[in-house]
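Starting from the known structure of chain A, fit chain B onto it as the hints suggest.
There are 2 protein chains.
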Amino acid sequence: MAKLIALYSKPADPAAFDKYYFSTHVPLAKKIPGLQRYEVSAGSVNTPQGGSPYHLAAILSFDSMEAIQQALGSAEGQATAADLGNFVQAGVELLVFDSKEI
Amino acid sequence: MAKLIALYSKPADPAAFDKYYFSTHVPLAKKIPGLQRYEVSAGSVNTPQGGSPYHLAAILSFDSMEAIQQALGSAEGQATAADLGNFVQAGVELLVFDSKEI
Chain A
1 MAKLIALYSK PADPAAFDKY YFSTHVPLAK KIPGLQRYEV SAGSVNTPQG GSPYHLAAIL
61 SFDSMEAIQQ ALGSAEGQAT AADLGNFVQA GVELLVFDSK EI
Chain B
1 MAKLIALYSK PADPAAFDKY YFSTHVPLAK KIPGLQRYEV SAGSVNTPQG GSPYHLAAIL
61 SFDSMEAIQQ ALGSAEGQAT AADLGNFVQA GVELLVFDSK EI
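Quick mapping for you: the protein sequence lines, in order, are chains A and B. Numbered per the numbering used here, the first sequence finishes at 102, counting up by one with no gaps. Numbered per the numbering used here, the second sequence finishes at 102, counting up by one with no gaps.
Among the hints, a few may not be true.
Taking lysine to aspartate or glutamate pairs in the EDC-like style, the calculated list, with each CA pair at most 20 Å apart, reads [stated by the list, open to error]:
#1 Lys30(A) to Glu101(B)
#2 Lys10(A) to Glu93(B)
#3 Lys19(B) to Glu101(A)
#4 Lys100(B) to Glu66(A)
#5 Lys19(A) to Glu101(B)
#6 Lys19(B) to Asp98(A)
One side of the interface only, derived from the structure: several residues of chain A facing chain B at Cβ under 7 Å [unchecked claim]:
#7 Leu35
#8 Gln36
#9 Tyr38
#10 Ala42
#11 Gly43
#12 Val45
#13 Pro48
#14 Ser52
#15 Phe97
#16 Ser99
Derived by calculation from the structure, the hints in this document are not laboratory data. For every residue, glycine included, the Cβ atom is placed at its ideal position computed from N, Cα and C.
Bound conformation, chain A alone:
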């Protein structure tokens, strides 16, 4: 498998963020070819010690890094990436990597 992790920093207006994210961004992202599983945080994103800088975390699973590269290059992937500018208020960190279960 391979993963795309998105870590969204805490927005000034969490309600507006959540509304846009779930009603518009997620439906766009779910059209990305090759997407196998889409998991999002439910409730707060914390460290073991307490609060974190992040409002929401998403883990998108694909078959391989090649599949992620194809997904990011697709029209649907490009539209999803472009949509980030419509609702990300305080930054997002995107990480991609091949993964294995151990």
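The following block gives chain B in isolation, referenced to the frame of chain A:
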């Protein structure tokens, strides 16, 4: 489900890091009660644009945040957390959150 994500910053000595991580830290972590799935990055951790500050990413899955809290409080969880000091050269970011598939 619930997730614990560990993001390890790039160490000065990646070979030493990897040797300790896979031979000692992973076996310790796999003893943590309630751990359902342990995924690690295979190869480099990148952003869609290129390199990232991270050497390795791990995603540990549990049934719930309650299970993560119990896991972190267990003797095995405490031993795994204490072991971080034995090999983390450049910092690790730990994030915990309840998650749902959408």
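Quick rundown of the hints versus the structure:
1. At most 20 Å may separate the alpha-carbon atoms for a hinted pair to count; Lys30(A) and Glu101(B) meet this at roughly 12 Å.
2. Restraint check for Lys10(A) and Glu93(B): the C-alpha separation of about 16 Å stays at or below 20 Å, so the hint holds.
3. Between Lys19(B) and Glu101(A), the direct Cα distance comes to roughly 17 Å. Compliance with the 20 Å bound is thereby established for this hinted pair.
4. At most 20 Å may separate the alpha-carbon atoms for a hinted pair to count; Lys100(B) and Glu66(A) exceed this at roughly 25 Å.
5. A distance of roughly 17 Å separates the Cα atoms of Lys19(A) and Glu101(B); the hinted pair therefore holds under the 20 Å criterion.
6. Pair hint Lys19(B) plus Asp98(A) holds up; C-alpha atoms about 19 Å apart against a cutoff of 20 Å.
7. For the restraint placing Leu35(A) at the interface with chain B, the shortest Cβ-Cβ distance is roughly 11 Å, beyond the 7 Å limit, so the hint is violated.
8. Because the closest C-beta pair between Gln36(A) and chain B is about 11 Å apart, greater than 7 Å, the hint is violated.
9. Checking Tyr38(A) against chain B by beta carbon gives a least distance of about 5 Å; that is within 7 Å, so the hint holds.
10. The beta carbon of Ala42(A) is positioned within 7 Å of a beta carbon in chain B (closest approach about 4 Å), and the interface hint is therefore held.
11. Taken as an interface hint, Gly43(A) checks out: its beta carbon lies about 5 Å from the nearest beta carbon of chain B, inside 7 Å.
12. For Val45(A), the interface hint holds, since its Cβ comes within 7 Å of a Cβ in chain B; the closest pair sits about 5 Å apart.
13. Interface hint at Pro48(A): satisfied, since its Cβ lies 6 Å from the closest Cβ of chain B, which is below the 7 Å cut-off.
14. Checking Ser52(A) against chain B by beta carbon gives a least distance of about 6 Å; that is within 7 Å, so the hint holds.
15. Because the smallest distance between the Cβ of Phe97(A) and any Cβ of chain B comes to about 4 Å, under 7 Å, the interface hint for this residue holds.
16. With its C-beta approaching chain B no nearer than about 5 Å, Ser99(A) sits inside the 7 Å limit, and its interface hint holds.
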